[in-house]
Amino acid sequence: MKTMPISDADIHAYVDGRLPAARVAGVDEALANDPALAARVAEMRTQNAALRDAFDLVLDEPIPEHLLAAAVPPPSGRSIAARALRYRRALPFAFGIAATLVVGFSLGWLVRDALIERTGTPTSFARQAAFAHALYAADANRPVEIWANEEKRLVGWLTKRLGFQVHAPDLTSVGFLLVGGRLVAGNEKPTALLMYENAAKERLSLQVRKQTSGSGETAFRYAHENGLGVFYWIDDSCGYALSGNVDRAQLLKIAHVVYGQLAAADAAAPK
Amino acid sequence: MHRSAGSDPHLSIVTTPPGSDAPGLPQPDLVAAIPRLRRYARVLTGEASRADDLVQDTLARGWEKRRMWRSGSDLRAWLFTIMHNVYVNQLAMLKRESANVSIDADPANPAWQLPVRANQIDRVELLELMQQMGRLSRDQREVLLLAAVEELRYEEIAGILSIPVGTVMSRLSRARNNLRQLVAEPAPGLRVVK
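If you read the protein sequences in the order shown, they are chains A and B.
Mind the numbering: the first sequence is residues 1 to 271 in our numbering, read in order.
Mind the numbering: the second sequence is residues 1 to 194 in our numbering, read in order.
Everything labelled a hint here was simulated from the structure, so no lab data went into it.
Model, not experiment: these values are computed from the prediction.
No residue lacks a Cβ here, since even glycine has one placed at the ideal position from N, Cα and C.
Fair warning: there could be bad hints in the mix.
Stretch by stretch, here's where chain A covers chain B in the computed footprint (C-beta under 8 Å, at least three residues) [what the hints assert, rightly or not]: (1) 25-39; (2) 52-59; (3) 142-148; (4) 151-164; (5) 167-179.
Using the sequences provided together with the hints, build the complete structure.
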């Protein structure tokens, strides 16, 4: 008996159980007469089953609260969109760090939950800032990743990685020039580090990162960490730390200059 | 990235206030669809945090468009359609935004991550399969998920992706062949150490 020609499309539909019933018998018959085709079909079925086994694992994960909340009818269509946006701004960019940690396959996955749950305190931020400053300011040849002669590129890159507009304050009025900047791994969010230097080759660094939701504004606070002075503050959900081996009064003066320039840049930015 | 409600088509203001006349979406079905939306989003974006953002945008968009949903029709397929469109629009936006900042990796093409944590997987061949999935094009991954994992009809898939059924079939065919070859001969760097 003659077998009807079986198309590639027929085979896929057959494997997926989507072939019209009238044509199933024809494929069955072809399979009976063609061991190579039968083997291919068996392999496709095995692949389907493996894909289901693999991707069904996602279905077992607990649903995050904010997604459950998004399934509730919004008071108005606009507010849920606004809520999504607020959430996005409040908890956005922990994953840049995870990305830098990916070694081999997706180590990021392993650290993701731990990263997202921990909340950095301002004190730990000051300590981290001091460590990062000590590490990079001491490096004569490579204190930064991008030098100040490419300031625009630097700021664009940091802005992109941190997820909000980063500004590099101009500290020439207090005798410091921008050296450049780099990205630093923080507790949970990527931190931008901007390095400055004066004529005496003393270095300062301004570090900026997004704070987790719930951390309000703070006044300037001063910490002395590892022989370094650090002024730190939180403003508009961003944490700032100015570190350097200069005396407290001078550091405070510079912190005021930084704060004033950032406030001015913020006021000028389109909302 | 900063996004403003004015420039984002998915945050557009709903002009009609919701009232008693507004047909609602069946909330239990919506909640039940979330795990599948998350799965589709991970296959689309290849990255978990962006995937959940996409799910949230999709749900928000679903509420905005709730009048378009015909009661009794397949809510999952309807949401998949919205998700696909939201994602394609976001990609276009990301590409525009990143056009003048080129130092970082293209945000539209983040590195593929495993859709689940590695320690959730107890079979080496599944781990390998998931890794190799990331080497398929997004078009192929998407069709393979919808056909082989979600087991949707080809016509439904064509509707979700706004492409002809013939294109669904050719993508599916290529996806299967590519995946089979990748799994048979994994790249050296991706070989799983047992």
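Against the structure, the hints come out as follows:
no., hint, result
1, 25-39, "holds (count 9)"
2, 52-59, "holds (count 6)"
3, 142-148, "holds (count 4)"
4, 151-164, "holds (count 3)"
5, 167-179, "holds (count 5)"
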